[in-house]
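A.B. asks: Chain residues, written in single-letter form:
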Amino acid sequence: MSSLTITGVTKRYGATVAVDDVTLHVPHGCFTTVLGPSGCGKTTLLRLVAGFLAPESGSIAFGDTVVAGDGVRPMPPQTRRVGYVPQEGALFPHLDVAANIAFGLGKGARGSDRVAEMLDLVELPADFRHRRPDELSGGQQQRVALARSLAPQPALVLLDEPFSSLDASLRGSTSRAVRRALEASNTTAVLVTHDQNEALSLADEVAVMRAGRLVQSATPSQVYLSPSDPEVAAFVGRAVVLPGTASGAHARCALGEVVLTEAAEGEVSLMIRPEQVYVDLSHDEGVRGTVDEVSYYGHDCAVQVRLDDGTPVLSRMSGVRHPSPGDTVHLRVTGLVRAYRPAAP
Amino acid sequence: MAVAVLALIPLAYVATYVVVIGPVELWQLVARPRIVELLRNTITLAAACMAATAVLGVGLAFLVERTDLPGRRVWHGLLVAPLAVPAFVNGYAWVSLDRSVHGFAGAFGVVTLSYYPLVYLPVVAMLRRLDPALEESAWSLGHSRARTFRTVVLPQLRPALLGGALLVGLHLLAEFGALSLLRFPTFTTAIYDQYGSTFNGAAATAMAGVLVLLCLVLLLADLRLRGDRRYARVGRGAARSVVPVPLGPWRLPVLATVGAVVGLAVGVPAISLVRWLVVGTSTQFPLAELTEALVATVALALAGAVVTTLAAIPVVWLAVRHRGRLSTLIERSTYVANALPGIVVGLALVVASLRLVPVVYQTATLLVAAYAILFLPRAVVTVRAGLEQAPVVLDDVAHSLGLGPIATARRVTLPLIAPSLGAGAALVFLAISTELTATLMLSPIGTRTLATEFWSASSELRYGAAAPYALLLVLVSIPATVLLMRTDGPAAQAEDGVVPGGPA
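These protein sequence lines map, in sequence, to chains A and B. Using the numbering used here, the first residue of the first sequence is number 1, and each one after it goes up by one. Using the numbering used here, the first residue of the second sequence is number 1, and each one after it goes up by one.
Warning: the hint list may mix true and false statements.
[What the hints assert, rightly or not] On the chain B side, residues computed to face chain A include the following (Cβ under 8 Å):
(1) VAL217
(2) LEU220
(3) VAL393
(4) ASP396
(5) VAL397
(6) HIS399
(7) SER400
(8) LEU401
(9) GLY402
(10) LEU403
(11) GLY404
(12) ILE406
(13) PRO415
[What the hints assert, rightly or not] Just a sample of chain A residues kept apart from chain B, beta carbon distances all over 12 Å, derived:
(14) GLY89
(15) ARG176
(16) ASP195
Since the hints were made in silico from the structure, they are not lab data. All C-beta atoms in this analysis are idealised placements derived from N, C-alpha and C, irrespective of residue type, glycine included.
Sequences are here, hints too, so could you generate the full structure?
C.D. replies: Next up, the structure:
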């Protein structure tokens with residue numbers, strides 16, 4: 001196991017820059033997700049680390065060993081010791097589960113304890129070893145694919161949208177099992193995804209990519225509550241962006257006075273998460289508005305409110321008690337609010 | 001690359017000839033009353049058969065797939081069965097039963113009965129793959145079953161239907177045995193006669209040029225059709241079956257009609273064959289000669305299958321793994337052979353070998369080369385389907401697990417494509433066993449195969465002596481037909497022009 005250090009890596013396909021000067025450090029044993037919309041270059045970044053592609057500039061190092069860049073001839077993938085889990089698992093269809101897991105091990109490892117150990121690690125029963133890939137569900141295939149990649153004790157594991165082909169309920173349970181297996185084996189791992197919930201709920205760190213560039217790399221809660229710019233804010237979750245006037249630790253906006261994460265002065269854009277907008281059903285405190293629309297999800301609901309001055313605001317509240325369209329409600333903001341300099345006109 | 005060059009030899013031969021001889025003399029050769037008559041014969045027969053097989057193929061496919069016709073599975077098997085009878089055997093069966101079956105009417109009837117499965121099979125495959133939701137939506141919008149078929153189903157069947165009909169056309173242009181037995185002269189039979197009497201006369205080559213031109217027209221039509229396939233069902237999952245149309249009072253007449261088609265297409269050849277088998281064996285049963293022919297056929301077919309499959313591997317590898325203009329061109333160039341009649345390939349190889357490498361003339365090597373050119377498309381289609389089952393991501397995973405390129409090929413790619421290599425070789429093997437035209441032209445003196453023995457007996461009107469060979473030819477064709485009937489994979493191949501019995 002080792003850390004991963006990507007320094008100033010760039011990769012072009014013809015005229016388009018797929019990965020643009022990306023610098024990222026994944027400490028030993030850390031689980032980082034790379035989050036971005038499709039086409040942002042995140043899979044290219046993963047393939048650069050795996051060695052299927054070579055960077056044009058910049059360098060990639062596992063621990064202290066440079067594997068690509070810095071004038072070093074790129075190390076071929078088969079000597080890098082990376083575990084690779086592609087979309088849909090890509091189990092070898094002609095081999096059974098045990099042979100798949102033992103594929104990267106030496107000869108005679110098929111019946112060894114290592115296979116049993118790996119099955120146990122990914123929480124699959126031991127009698128699965130003789131099953132064929134087409135006898136497994138999608139989630140089970142992904143677990144076997146992870147076991148196969150972990151069996152030769154790789155330096156790090158790369159997962160390329162491993163859960164995107166699973167249905168919603170399977171996705172949750174499979175991803176949690178994968179996370180536990182990676183934690184138990186103390187493996188450095190990078191997972192690429194376009195799914196915000198997956199990225200936030202699984203990882204120690206989230207690296208957000210946009211158009212080939214790495215725009216923010218931080219803990220999930222920092223990325224969610226304190227995104228580096230309004231675009232990241234909108235990509236990571238729903239956001240209410242309001243113009244406001246800041247003076248020191250406070251700012252005024254259509255939702256009244258809010259407390260800022262960092263002191264600011266003058267005209268600012270304020271990013272407020274819908275969960276921070278509290279809908280008061282019983283008191284008259286806060287800014288008055290009328291409910292336009294209610295989307296009820298069971299565990300919670302999204303309430304679209306039009307303030308008396310016409311500003312639309314989205315609130316997310318518990319589904320236990322909620323208003324109906326046409327109701328008059330009062331809104332106020334809880335928690336800290338991130339302020340941005342408005343984009344130059 | 002070398003494979004593509006080999007595949008293009010026949011085309012190059014015809015093209016070179018046309019250039020060398022010059023336009024004036026060529027025109028004199030082509031613009032003769034005899035050629036005009038052949039052209040009219042060939043085109044009218046091709047057009048009539050394509051239309052008849054299209055109607056028969058779609059009609060039968062609809063009855064079997066979309067109505068409550070009793071015993072639909074059995075009928076399906078019987079309706080595909082004519083594929084197992086090479087057209088020249090079918091022609092022999094009819095003409096030996098009733099000498100009045102000949103000329104245009106005879107040729108039209110026999111060839112249609114032999115080739116309608118080429119339309120029927122892809123149309124059935126398409127009907128099975130069609131999303132029933134399409135038809136259900138049309139009904140819910142107030143269309144009747146008949147109107148739904150016309151406005152929704154038929155347009156979806158278009159690629160399968162046209163593809164099948166074009167295939168019938170190509171087979172017909174290449175057909176030699178059946179038409180020769182039925183005494184209906186077309187280009188192919190005339191070329192063979194010319195070749196036999198004057199040996200490589202300029203006239204034979206000029207006719208080959210016209211024939212190739214006709215074939216290329218059909219091939220281009222086929223390629224255009226394929227380029228525009230946006231009909232396939234999107235999304236996977238088990239397709240539900242559609243509620244069948246009740247036939248009601250039409251049940252018996254329809255059943256009788258389907259029965260009549262099967263009777264004519266399968267029953268008549270079977271009866272004729274059995275009859276001559278009885279007659280033939282009562283006089284003599286040439287076991288030694290039969291065995292000799294069988295051994296020679298198997299040896300040639302085995303060699304041809306191995307060579308053809310090996311030649312297909314690099315073509316497929318380039319086409320699947322290194323997509324590009326050049327690799328597509330190479331793959332396509334092998335498809336041209338799909339449209340080349342065995343007669344042209346035979347003629348071209350005779351001339352090319354005499355001019356360039358006289359040592360191979362009259363050897364098995366040349367014959368195997370002809371087989372490779374003729375049947376490369378089948379091997380390519382099958383092997384290609386196999387390699388597409390081995391996606392590059394598996395190679396990536398193997399590399400990440402520490403395997404170099406050679407170990408990856410040995411442990412991942414080869415095991416995955418092995419079944420398709422086997423299937424491809426088997427298809428080629430069976431096709432070669434029943435190939436007639438090129439075998440007649442190129443087989444070394446003294447080599448007797450099932451096809452050549454059958455031919456010499458039946459063209460000398462020794463119908464009884466021909467019967468055991470005909471039976472063996474049919475038996476050899478059965479496995480390929482069965483392979484083809486297992487719809488999913490192989491039926492899709494039928495759309496791609498892989499059909500046993502092939503141009504004969």
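A.B. asks: Next, verify each hint and record whether it holds.
C.D. replies: Verification of the hints:
1. VAL217: It is violated, given that the least Cβ distance between B:VAL217 and chain A is near 38 Å, above 8 Å.
2. LEU220: Hint on B:LEU220: violated, closest Cβ of chain A at ~32 Å, above 8 Å.
3. VAL393: Result: holds, 5 Å to nearest chain A Cβ.
4. ASP396: holds (6 Å)
5. VAL397: holds (5 Å)
6. HIS399: For B:HIS399, the interface hint holds, since the closest Cβ of chain A sits about 4 Å away, which is under 8 Å.
7. SER400: OK, holds: B:SER400 within 8 Å of chain A, min 4 Å.
8. LEU401: Result: holds, 3 Å to nearest chain A Cβ.
9. GLY402: holds (5 Å)
10. LEU403: holds (6 Å)
11. GLY404: With a minimum Cβ separation of about 5 Å from chain A (threshold 8 Å), the hint on B:GLY404 holds.
12. ILE406: Constraint on B:ILE406 not satisfied, violated at 11 Å.
13. PRO415: Nearest chain A Cβ about 5 Å off; hint holds.
14. GLY89: Check fails; 9 Å does not lie beyond 12 Å.
15. ARG176: At about 23 Å from chain B, A:ARG176 clears the 12 Å cut-off, so the statement holds.
16. ASP195: holds (20 Å)
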